[in-house]
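J.: Here is how the chains run, residue by residue.
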Amino acid sequence: MFDALSRTVAIVGHYGSGKTNLSLNLALALKGQGRRVAIADLDVLNPYFGSGVFKALAEREGLRVITSAYAGSTLDIPALTGRLAACLGGEDTIVIDAGGDGDGSLALGSYAPMITQGEYDLLFVVNFFRALTKTARQAADYLREIETACRLKVTAIANNSNLGEHTTPQDISASIEEAAKLCQITQKPLLFTSMRDDIARQFVRPDNGIFPVKVYPKTPWE
Amino acid sequence: MQRLLMKGNEAIAEAAIKAGCRHFFGYPITPQNEVCAYMSRRMPQVEGVFLQAESEIAAISMVLGASAAGARAMTSSSSPGISLKTEGLSYIAGSDLPALIVNVQRGGPGLGTIQPAQSDYNQATKAPGHGDLRLLVFAPSTVQEMVDCVFETFDLTEKYRMPGMLLCDGLLGQMMEPVIFPEVEVTPSEKPWALTGHGDKRQPNIITSLNLDPELSQSANLARFERYAEIEKTQARAESLMTEDADIVVVAYGACARIARSAVSAARAEGIKAGMLRPITVWPFPTQQILAAGKSAKALLAVEMSMGQMVHDVRTAVQFKKPVHFFGRTGGVVPTPNEVLEQLKIIDGGLKA
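From first to last, the protein sequence lines are chains A and B. So in our numbering, the last spot in the first sequence is 222, and the numbers never skip. So in our numbering, the last spot in the second sequence is 575, and the numbers never skip.
Some hints here could point you the wrong way.
[Unchecked claim] Think about it this way: if two alpha-carbon atoms lie no more than 25 Å apart in a straight line, the pair counts; the simulated SDA-like pairs of lysine to any residue are: (1) B:Lys574 to B:Gln541; (2) A:Lys134 to B:Arg244; (3) A:Lys181 to B:Gln267; (4) A:Lys218 to B:Pro400.
In short, the hints are calculated from the structure, not lab data. The structure displayed is predicted, hence computed values, not measured ones.
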């Protein structure tokens, strides 16, 4: 599923589509293929649950983490790090976790001139259970808004539809139909449908487009 | 009915729109920004008004104006921004106008931190602004309850012609949970007092908080406090969990109640008879419910993300007849279920000694 991915993979999407969790899972999967992988936190808008929060976990798992010096400090500062520019185009695979919507993707746009010098993959993450991306048509509007803001073209759709811990296999089946519509409207291929690993185990699907993921964000009462 | 995965902040905004609110005035501040961001996208779709004001004070004053004209109006902010809004809030109360104010609390005092806190409890329940006034305060503890409370607060603020607040915290505002929006037909309440133009057919309505004659000012306050007394009698809400046989009753609201619930379950598993009383309204404070829940209890424990603010209302509720312990974290630090469990063990040990 990921063999064809280039060394620059950026993750974009509507707020709360699950970009950070998916970025972590994707980075770990790529590392599992034997690649050297870095994960870059470009979400300068979300002060609570950006991938900077998972720095310790990512480093424990052998990923390099590229974040601003203020990540995880809860300082509400939209700062970027110079290290990302230094790493782009190098030997490592870099998974870039961008911010949500067009606003959050602007920071990624500042790297567009560098990114477009080589091959890249831009994955548009969608969760059809989010209030503002309930339909393929709504999601397509976000996709176009993000493409404009980050000055890059989405190369594939990642269907990450879920209702948190309440997700059922039926919910995911319904989302796959909507994802097909999104692919049709936008003329982009579907790279995978991701789901929690325990759901993936009870999920039967003829073709092999399933990416089982772990859920890393935890509430304080879990 | 479709389930959606929403952030608390987004759910508040969508619920307000579904409850018929078409006038939102705000000013950005973390951790409530998603309320504004969501409103800015959704309001134009429903032909409503989203307006980012030049300041929090301007925003609450616009709420006053819209409400005076009969609209369901709201604003939202986080702790430092709410402090700025207190002047307008007092004017709204003094003008007998309904309005919804959302506070997604962060740690303080001052600029503090953007992490969650419950340290605006005293402000919300005791001194939401200058003068003799009250604010209806709902304290939801799940994203679904945030939705339900928006509907309820709008209705009650119109029924009693007073401002109401949704007292949340950064944790609830930022976390995502599945929600279902109630399929209700919202019928706008009659507002014969609203400034909609008399058209030479009736006496002009006058809405003001200015009352220069002390006798008249006093009678306006007395009339308001009669309504407050009725609200205290009829609108206090709380959820009770395993309190019937509890030796220790934990009292916690909002996100802290989620933590307390985990701690109470863990305590029960270890043979400690713990229960929980969760205020859903914090003004009116559920005094009777706490008294009832604490009947069999030997001690109570208030858990808050503050230095201890609600704990005083709990002590008053049990008329100082039972020990009311306190455990809190402050400044944006969130207590853990294990820390609360430790407290329960210590109190339980003391009871058995």
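J.: Could you run down the list of hints and mark each one as holding or not?
T.: Comparing the hints with the structure gives:
For a cut-off of 25 Å, the pair hint linking B:Lys574 to B:Gln541 stands: about 23 Å separates their Cα positions. Our distance criterion of 25 Å between C-alpha atoms is met by A:Lys134 and B:Arg244, whose separation comes to about 22 Å. Between the alpha carbons of A:Lys181 and B:Gln267 the distance comes to roughly 23 Å, so the proposed pair stays at or under 25 Å and holds. Between A:Lys218 and B:Pro400 the alpha-carbon distance is near 15 Å, which keeps this suggested pair within the 25 Å criterion.
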